[in-house]
Amino acid sequence: MGGKAEAGDRDGSGGKGRPRGYIWDGCPVVPLGIHGDLSYYLDTKGQLRAVDNHSQDKIRHIFGGRIGLLATRYPRYHKNSTTPVAGAFDQGRIATDMVAACTERGVWSPVGKVRGAGAWLDEDGHLIFHAGDEVLIAGKWEPPGVYGGHVYPASDPVPRPATSGTAEAASEILDALQTWNWSRPDIDPMLTLGVICAQQIGGALDWRPVTWVTGDQATGKSTLQRLLRYLHGGASGLLQASDATEAGIRSVIGYSSMPVALDELEPDDDPKKGKAAAIIRLARIAASGDQILRGSTDQKGYQGNAYSCFLFSSILVPPLPPQDRSRLILLDLNRLRPDAPKPKDDPRRLKALGASLRASLVGRWDTWTKRLDLWRASLAAHGHGGRQADNYGTVLALADMALHEALPAEEVMASWCAKLDAHLRDESVDVGSNAEDMLVHLLSQPLDVWRRGQKLNVASWLAMAGRLPRAPEQIGDATSDNANNFLAQFGLRVKGRDTSAELCIANKPLSGLCGLFEGTPWAAGVWAQAARRVKDAKSANMTFARVPSRGYVIPFTSIPGLLNAMDETGGTSQAPERPEPPDMRDFV
Numbered sequence: 001m002g003g004k005a006e007a008g009d010r011d012g013s014g015g016k017g018r019p020r021g022y023i024w025d026g027c028p029v030v031p032l033g034i035h036g037d038l039s040y041y042l043d044t045k046g047q048l049r050a051v052d053n054h055s056q057d058k059i060r061h062i063f064g065g066r067i068g069l070l071a072t073r074y075p076r077y078h079k080n081s082t083t084p085v086a087g088a089f090d091q092g093r094i095a096t097d098m099v100a101a102c103t104e105r106g107v108w109s110p111v112g113k114v115r116g117a118g119a120w121l122d123e124d125g126h127l128i129f130h131a132g133d134e135v136l137i138a139g140k141w142e143p144p145g146v147y148g149g150h151v152y153p154a155s156d157p158v159p160r161p162a163t164s165g166t167a168e169a170a171s172e173i174l175d176a177l178q179t180w181n182w183s184r185p186d187i188d189p190m191l192t193l194g195v196i197c198a199q200q201i202g203g204a205l206d207w208r209p210v211t212w213v214t215g216d217q218a219t220g221k222s223t224l225q226r227l228l229r230y231l232h233g234g235a236s237g238l239l240q241a242s243d244a245t246e247a248g249i250r251s252v253i254g255y256s257s258m259p260v261a262l263d264e265l266e267p268d269d270d271p272k273k274g275k276a277a278a279i280i281r282l283a284r285i286a287a288s289g290d291q292i293l294r295g296s297t298d299q300k301g302y303q304g305n306a307y308s309c310f311l312f313s314s315i316l317v318p319p320l321p322p323q324d325r326s327r328l329i330l331l332d333l334n335r336l337r338p339d340a341p342k343p344k345d346d347p348r349r350l351k352a353l354g355a356s357l358r359a360s361l362v363g364r365w366d367t368w369t370k371r372l373d374l375w376r377a378s379l380a381a382h383g384h385g386g387r388q389a390d391n392y393g394t395v396l397a398l399a400d401m402a403l404h405e406a407l408p409a410e411e412v413m414a415s416w417c418a419k420l421d422a423h424l425r426d427e428s429v430d431v432g433s434n435a436e437d438m439l440v441h442l443l444s445q446p447l448d449v450w451r452r453g454q455k456l457n458v459a460s461w462l463a464m465a466g467r468l469p470r471a472p473e474q475i476g477d478a479t480s481d482n483a484n485n486f487l488a489q490f491g492l493r494v495k496g497r498d499t500s501a502e503l504c505i506a507n508k509p510l511s512g513l514c515g516l517f518e519g520t521p522w523a524a525g526v527w528a529q530a531a532r533r534v535k536d537a538k539s540a541n542m543t544f545a546r547v548p549s550r551g552y553v554i555p556f557t558s559i560p561g562l563l564n565a566m567d568e569t570g571g572t573s574q575a576p577e578r579p580e581p582p583d584m585r586d587f588v
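Heads up: the sequence shown begins at 1 in the numbering used here, then just goes up one per residue.
I should point out that these hints are in silico values taken from the structure, not numbers from a laboratory. The structure presented is a predicted model; accordingly, all values stated were derived computationally and were not measured. Errors might be hidden in some of the hints.
Taking lysine to any residue pairs in the SDA-like style, the calculated list, with each CA pair at most 25 Å apart, reads [what the hints assert, rightly or not]:
1) 535 x 445
2) 538 x 455
3) 455 x 473
4) 370 x 289
5) 370 x 409
6) 45 x 159
7) 351 x 160
8) 344 x 159
9) 508 x 539
10) 45 x 186
11) 535 x 525
12) 342 x 186
13) 45 x 64
14) 455 x 409
15) 508 x 473
16) 351 x 409
17) 351 x 242
18) 535 x 498
19) 351 x 538
20) 344 x 162
21) 113 x 20
22) 45 x 87
23) 351 x 341
24) 342 x 179
25) 342 x 315
What follows is a list of derived Cβ distance ranges for each label pair [said to hold, decoys possible]:
26) 564 x 455: 19 to 29 Å
27) 106 x 440: 49 to 59 Å
28) 444 x 337: 31 to 41 Å
29) 386 x 216: 52 to 62 Å
30) 434 x 56: 52 to 62 Å
31) 514 x 235: 26 to 36 Å
32) 20 x 138: 20 to 30 Å
33) 532 x 407: 36 to 46 Å
Beta carbons are placed, not taken as given, at the ideal position from N, Cα and C, and that holds for glycine.
Go ahead and model the full structure; you've got the sequences and the hints to work with.
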């Protein structure tokens, strides 16, 4: 059954000739179910309504003021008479039938079942486009209602696909994007085209890349944001703001999969508590469509999913943990060249191009799964799997689908992967991992073993203890022979020398080690979890200044940057061989 109600109806009577699960046969209001004190309906306009009080005014509103219809179905009679009151309905009787119909439908919650404006998938992988006032299903526009077990309620109309799409629209958009001075002009315009495509059909994607456009003043970030707004059909097709909060974004998005583009999302003064961090967390959740759980003042809480494709732009990118960096496509803009052509800024033309682009994506959706698999396989063949394949495979496949009806040739994909290769390898280093972040933090911490202000960082102490080239020969009273005596006070030790040297780090929250990680995500012994994930780390029993603890032995070769100085001397130490320091007997 389409449109208003669907499968899930039960056979049998709901009483007094009323079909089970219906208020009456042919009723324009559709019961959906109950949840606690709430009864859910689609009203006469197809809007989702949650009702906790079936008052006369509420019923009148749900039925769109159709008093004549209500008076005919549920007449109210004059007292002690069989004569109906003109233009009046029996609120008690219809309220009883409405609640009964919802109860017969069973317990129902909108979470995971309601789909607002935007693109979605049915159970067979076919694309559905909800334009707010109508729903495009199998090439035909249907009224808002229940389809395939999901509710597509009426809402404000959003820009629709054009009646037909052409590759010329995507090519013209790509030409417009090339007028910006990208730091990677050979790939960034194509990636940006793919990002725009992802924004248009984000709810239908398994993975929605998060994009960050960054650049100094006068690089065209705001102009790019304006281009995006017009391509998406204006304010109704894109949630765009320069001052927003996470709660505000969730409230406006609602059940839709409409894209989000935020300008001037600069780093917070306090990254742990600021609004930018909360918005970035929301973008991370939306990338995979995971569930959001929030508390509320009424103790009922908030539960929902996010399916929007996020794009940010700013001069600076806030500090991000690895799980956020891995979801990010970073696009750098340089200052616009004096002779650069002015970007297209004709709202009417850009809206038409966006509608045509949307139509191309909808019309070619049947090729999507195969096309994405081809691009992911090509990236994997070049050594780029995981999140890189999710991000770049998605946007490249979308850009390709917008530009070409046919599936891509292997040599075309190989050419693009070769262009990406150098950039992605650099990006892998920048993204790093939580374990690498922990080690970098540890190495950079100043170590004042004498409490008198003479400080070198942990990396310098490790270099001296491991006898690395150009390491300090002495720090205060410490030398490479007795450095472990001092490091042990901080839950650290060095075993071996040069490229065979290893860092030993305690698992237990020893006082000195706790101080090095205070105020970080690895505080209170959490560092041990990160240490376990370092390449070639091994667990071992050890002692630190007579305090026993299990810990991890990490090769210097697995610690980012620690052996860099050795590269300049051919990777070998120039110092003469010396026996293992006597304090190594402290190991168990």
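Outcome of the hint check:
1. Under the criterion of a C-alpha separation no larger than 25 Å, the hint pairing residue 535 with residue 445 is consistent with the structure, at around 22 Å.
2. In summary, the hint linking residue 538 to residue 455 is not supported, as the alpha carbons are separated by about 30 Å, beyond the 25 Å threshold.
3. Annotation: proposed proximity of residue 455 to residue 473 holds, straight-line Cα distance about 15 Å (limit 25 Å).
4. Proximity of residue 370 to residue 289 is assessed by CA-CA distance (about 22 Å); at most 25 Å being required, the pair is judged to hold.
5. Taken as a hint, the residue 370 and residue 409 pair is honoured in the structure, with Cα atoms around 12 Å apart against an allowance of 25 Å.
6. A threshold of 25 Å between alpha carbons decides the hint, and for residue 45 with residue 159 the separation of about 19 Å falls inside it, so the pair holds.
7. Straight-line distance between C-alpha atoms of residue 351 and residue 160 comes to about 10 Å, which keeps the hinted pair within the 25 Å bound.
8. Between residue 344 and residue 159 the CA atoms are separated by roughly 20 Å; this keeps the pair inside 25 Å, and the hint holds.
9. Simply put, residue 508 and residue 539 have alpha-carbon atoms about 13 Å apart, close enough for the 25 Å limit, and the pair holds.
10. Using a Cα cut-off of 25 Å, the hinted pair residue 45 and residue 186 is violated, with the two alpha carbons roughly 49 Å apart.
11. About 19 Å separates the Cα atoms of residue 535 and residue 525, which keeps this hinted pair within 25 Å; it holds.
12. About 20 Å separates the Cα atoms of residue 342 and residue 186, which keeps this hinted pair within 25 Å; it holds.
13. For a cut-off of 25 Å, the pair hint linking residue 45 to residue 64 stands: about 8 Å separates their Cα positions.
14. Among the hinted pairs, residue 455 with residue 409 is inconsistent with the structure: their alpha-carbon atoms are about 59 Å apart, more than 25 Å.
15. As the CA atoms of residue 508 and residue 473 are separated by approximately 30 Å, the hinted pair breaks the 25 Å bound.
16. For the suggested pair residue 351 and residue 409, the alpha carbons sit about 31 Å apart, so the restraint of at most 25 Å is broken.
17. At most 25 Å may separate the alpha-carbon atoms for a hinted pair to count; residue 351 and residue 242 meet this at roughly 22 Å.
18. Distance hint between residue 535 and residue 498 is fulfilled; the C-alpha atoms sit about 18 Å from each other, no more than 25 Å.
19. With a CA separation close to 58 Å, the supplied pair residue 351 and residue 538 exceeds the 25 Å bound.
20. Proposed proximity of residue 344 and residue 162 is supported: the alpha carbons are some 20 Å apart, at most 25 Å.
21. Only pairs whose Cα atoms come within 25 Å are accepted, and residue 113 paired with residue 20 is accepted, the gap being roughly 21 Å.
22. In summary, the hint linking residue 45 to residue 87 is supported, as the alpha carbons are separated by about 22 Å, within the 25 Å threshold.
23. The suggested pairing of residue 351 with residue 341 holds, with an alpha-carbon distance near 20 Å, which does not exceed 25 Å.
24. With a C-alpha separation of about 7 Å, the suggested pair residue 342 and residue 179 falls inside the 25 Å cut-off, and the hint holds.
25. The straight-line distance between the Cα atoms of residue 342 and residue 315 is roughly 21 Å, inside the 25 Å bound, and the hint therefore holds.
26. The beta-carbon spacing between residue 564 and residue 455, approximately 21 Å, falls within the hinted interval of 19 to 29 Å.
27. The given range of 49 to 59 Å is respected by residue 106 and residue 440, whose C-beta atoms sit roughly 54 Å from each other.
28. Range check, residue 444 to residue 337: about 38 Å between beta-carbon atoms, so the 31 to 41 Å window is met.
29. Taking the beta carbon of each, residue 386 and residue 216 are about 31 Å apart, not inside 52 to 62 Å as hinted.
30. The supplied range of 52 to 62 Å is met by residue 434 and residue 56, whose beta-carbon atoms lie about 59 Å from each other.
31. Evaluation of the 26 to 36 Å hint for residue 514 and residue 235 yields a failure: the beta carbon distance comes to about 51 Å.
32. For residue 20 and residue 138, the hinted distance range of 20 to 30 Å is satisfied, since their beta carbons lie about 29 Å from each other.
33. Our hint of 36 to 46 Å for residue 532 and residue 407 holds, since their Cβ atoms are close to 43 Å apart.
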